[in-house]
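So the chains spell out like this:
There are 2 protein chains.
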Amino acid sequence: MQFTSEQRLDDGVLEREFTLGEVPGTLWTPESAAPAPLILIGHNGGLHRRESRLVARARHSAANGYAVAAIDHPGHGDRPRSATDEQARADLRRAMQAGEPVDEIFESFVGPLVEKAVLEWRTILDALLALPEIGGPVGYSGMTAVGIRLAVAEPRIAVAGFFAGGYVPRAQREEARQVTIPLLFLLQWDDEGNPRQRALDLFDAFGSKEKTLHANLGGHVGTPWFEVEDGGRFYDRHLK
Amino acid sequence: MQFTSEQRLDDGVLEREFTLGEVPGTLWTPESAAPAPLILIGHNGGLHRRESRLVARARHSAANGYAVAAIDHPGHGDRPRSATDEQARADLRRAMQAGEPVDEIFESFVGPLVEKAVLEWRTILDALLALPEIGGPVGYSGMTAVGIRLAVAEPRIAVAGFFAGGYVPRAQREEARQVTIPLLFLLQWDDEGNPRQRALDLFDAFGSKEKTLHANLGGHVGTPWFEVEDGGRFYDRHLK
Numbered sequence: 047m048q049f050t051s052e053q054r055l056d057d058g059v060l061e062r063e064f065t066l067g068e069v070p071g072t073l074w075t076p077e078s079a080a081p082a083p084l085i086l087i088g089h090n091g092g093l094h095r096r097e098s099r100l101v102a103r104a105r106h107s108a109a110n111g112y113a114v115a116a117i118d119h120p121g122h123g124d125r126p127r128s129a130t131d132e133q134a135r136a137d138l139r140r141a142m143q144a145g146e147p148v149d150e151i152f153e154s155f156v157g158p159l160v161e162k163a164v165l166e167w168r169t170i171l172d173a174l175l176a177l178p179e180i181g182g183p184v185g186y187s188g189m190t191a192v193g194i195r196l197a198v199a200e201p202r203i204a205v206a207g208f209f210a211g212g213y214v215p216r217a218q219r220e221e222a223r224q225v226t227i228p229l230l231f232l233l234q235w236d237d238e239g240n241p242r243q244r245a246l247d248l249f250d251a252f253g254s255k256e257k258t259l260h261a262n263l264g265g266h267v268g269t270p271w272f273e274v275e276d277g278g279r280f281y282d283r284h285l286k
Numbered sequence: 047m048q049f050t051s052e053q054r055l056d057d058g059v060l061e062r063e064f065t066l067g068e069v070p071g072t073l074w075t076p077e078s079a080a081p082a083p084l085i086l087i088g089h090n091g092g093l094h095r096r097e098s099r100l101v102a103r104a105r106h107s108a109a110n111g112y113a114v115a116a117i118d119h120p121g122h123g124d125r126p127r128s129a130t131d132e133q134a135r136a137d138l139r140r141a142m143q144a145g146e147p148v149d150e151i152f153e154s155f156v157g158p159l160v161e162k163a164v165l166e167w168r169t170i171l172d173a174l175l176a177l178p179e180i181g182g183p184v185g186y187s188g189m190t191a192v193g194i195r196l197a198v199a200e201p202r203i204a205v206a207g208f209f210a211g212g213y214v215p216r217a218q219r220e221e222a223r224q225v226t227i228p229l230l231f232l233l234q235w236d237d238e239g240n241p242r243q244r245a246l247d248l249f250d251a252f253g254s255k256e257k258t259l260h261a262n263l264g265g266h267v268g269t270p271w272f273e274v275e276d277g278g279r280f281y282d283r284h285l286k
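Those protein sequence lines, which keep their order, are chains A and B. According to this note's numbering, the first sequence holds residues 47 to 286 in order. According to this note's numbering, the second sequence holds residues 47 to 286 in order.
One or more hints might be untrue.
It does not matter which identical chain is meant; a pair holds if it fits inside one copy or across any two.
Result set (DMTMM-like, lysine to aspartate or glutamate): computed pairs, CA atoms no more than 20 Å apart in a straight line [as the list claims (entries may be wrong)]: (1) K255 to D149; (2) K286 to D247; (3) K255 to D236; (4) K286 to E273; (5) K286 to D131; (6) K286 to E275; (7) K286 to E179; (8) K255 to E77; (9) K286 to E97; (10) K255 to E68; (11) K255 to E238; (12) K255 to E150; (13) K286 to E238; (14) K162 to D282; (15) K286 to D124; (16) K255 to D137; (17) K162 to E273; (18) K286 to E146; (19) K255 to D131; (20) K286 to E221; (21) K286 to E150; (22) K255 to D57; (23) K162 to E77; (24) K162 to D247.
Rather than coming from a laboratory, the hints here were simulated on the basis of the structure.
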């Protein structure tokens, strides 16, 4: 893991860019003497890890005593997009706008992404936990499909917050019942891209004994800021 | 409104029993010089206003700066139960245990209760707001059906938290869309007495622009304590 730049922010949080192999990421760490618990932020939709809402969430958690890491998944942010990626995204957009079924396009596009992203996260996690300023335990926050695979594959993930997962690849729908860690599941009630009933069915399927659903009005990007604060208290209950 | 007893609790909260006409109630007020915002707690299921979970919620809110009032609805707690009430309760229990439809029994029992309870709450509210230690604004917390009627009929109710309302009388299902204040709607995912889909449909029906659903695993009385704390922050956002 190589750090390529760093800056100290107003709230004392240290923000560092890093690369590990071909994966670029950002690490936020609090001003703290003791090793900090870690939150991994996964995202999707072609978003960049420096997208403003993601950065605001990360800085909020870091100011609250967590180390927070975000990476660009394959084909996201700073990483190259293959012609196949571009075609799949264009197909997905067109089908959604036309109101056509998107399951197969979604499956072919997101299925392999999830597998790759989780392999990368596990390598990143090894490197992060080797840093003296990071302790454990580890939480995950973000894209549902990656989070399900990671929670099943990676025993170091102790708790997870999932965001609006209506469309999730078949493999992750099937392994949802194997997820047994405490969960906070955020749902946007009018999410244009994630069918509500599927998200409710997915919440129902998780094997966790402690799972909480928070639903708010509005579309995919309309999650109110108070959910970031509620999420913070969820992680505090389990990671501090 | 007559106060019949009072005690100062460890956390400085003053707990007073009162009666107004035939309605018995409890009022908790914080140690505070300024008039406190008010939360009304409504409950059902034959519960007493001094039931331990209700009292714990009330004291938590009072310690956090709110005046909190709970009353026994007609046929609840200290109030006499009519033979008709007793019969309806017995019918309801028997039908639920047998897995038979309960809508009509529920309608005949809870429909009139809601009307009476809301008339009483409005009189109590006049009396409470006349006390110098209580200011405004006013929030409601508790039984969904009474809360819907009260939110529609009483313009002084600024915000409401509803609990697990699957079975709600027809009149309140129909007027749900007239509720436009900010809402926090708590759902117990495995609530034996409140069908999940009906509760989700009711959440969908409310006319409020800001409404949040929190769902947790478990039965009717299994709401985790952290929801009381989340609820506290919901009221703080709107009433402080």
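Structure-based check of all given hints:
1. In this assembly of identical chains, K255 and D149 lie within 20 Å of each other by CA distance neither inside one copy nor across copies; the values are 29 Å within and 31 Å between.
2. In this homomeric assembly, K286 and D247 never come within 20 Å of each other (Cα to Cα): the closest approach is 30 Å inside a single copy and 37 Å across copies.
3. Taking the closest pair of Cα atoms, K255 and D236 come within 20 Å of each other only across two copies (12 Å); inside a single copy the shortest separation is 27 Å, beyond that limit.
4. For the identical chains of this complex, K286 and E273 are neighbours both inside a copy (19 Å) and across copies (19 Å), given an alpha-carbon limit of 20 Å.
5. Neither within a single protomer nor between protomers do K286 and D131 lie at most 20 Å apart by alpha-carbon distance, with minima of 39 Å and 49 Å respectively.
6. In this assembly of identical chains, the alpha carbons of K286 and E275 lie at most 20 Å apart whether taken from the same copy (15 Å) or from different copies (17 Å).
7. Within a single copy, K286 and E179 get their C-alpha atoms as close as 15 Å, which meets the 20 Å cut-off; across copies the closest is 38 Å, which misses it.
8. With identical chains, the CA atoms of K255 and E77 are never at most 20 Å apart, being 34 Å at best within one copy and 39 Å at best between copies.
9. Taking the shortest alpha-carbon separations for K286 and E97, neither the intra-copy value of 27 Å nor the inter-copy value of 32 Å comes in at or below 20 Å.
10. In this assembly of identical chains, K255 and E68 lie within 20 Å of each other by CA distance neither inside one copy nor across copies; the values are 37 Å within and 44 Å between.
11. Taking the shortest alpha-carbon separations for K255 and E238, only the inter-copy value of 17 Å comes in at or below 20 Å, while the best intra-copy value is 29 Å.
12. Neither within a single protomer nor between protomers do K255 and E150 lie at most 20 Å apart by alpha-carbon distance, with minima of 32 Å and 35 Å respectively.
13. Taking the closest pair of Cα atoms, K286 and E238 never come within 20 Å of each other, the shortest separation being 35 Å inside a single copy and 34 Å across copies.
14. For the homomeric pair K162 and D282, neither the shortest alpha-carbon distance inside one copy (29 Å) nor that between copies (43 Å) is at most 20 Å.
15. Taking CA atoms no more than 20 Å apart as the test, K286 paired with D124 passes in neither setting, with 33 Å inside one copy and 44 Å between copies.
16. With identical chains, the CA atoms of K255 and D137 are never at most 20 Å apart, being 38 Å at best within one copy and 33 Å at best between copies.
17. For a Cα distance limit of 20 Å, the shortest separation of K162 from E273 qualifies neither inside one copy, at 29 Å, nor across copies, at 37 Å.
18. For the identical chains of this complex, K286 and E146 are neighbours neither inside a copy (45 Å) nor across copies (47 Å), given an alpha-carbon limit of 20 Å.
19. In the homo-oligomer, the alpha carbons of K255 and D131 never lie at most 20 Å apart, since the shortest distance is 37 Å inside one protomer and 37 Å across protomers.
20. Neither within a single protomer nor between protomers do K286 and E221 lie at most 20 Å apart by alpha-carbon distance, with minima of 28 Å and 44 Å respectively.
21. In this assembly of identical chains, K286 and E150 lie within 20 Å of each other by CA distance neither inside one copy nor across copies; the values are 41 Å within and 49 Å between.
22. Taking the shortest alpha-carbon separations for K255 and D57, neither the intra-copy value of 36 Å nor the inter-copy value of 33 Å comes in at or below 20 Å.
23. For a Cα distance limit of 20 Å, the shortest separation of K162 from E77 qualifies neither inside one copy, at 32 Å, nor across copies, at 57 Å.
24. In this assembly of identical chains, the alpha carbons of K162 and D247 never lie at most 20 Å apart, being 26 Å within a copy and 38 Å across copies at closest.
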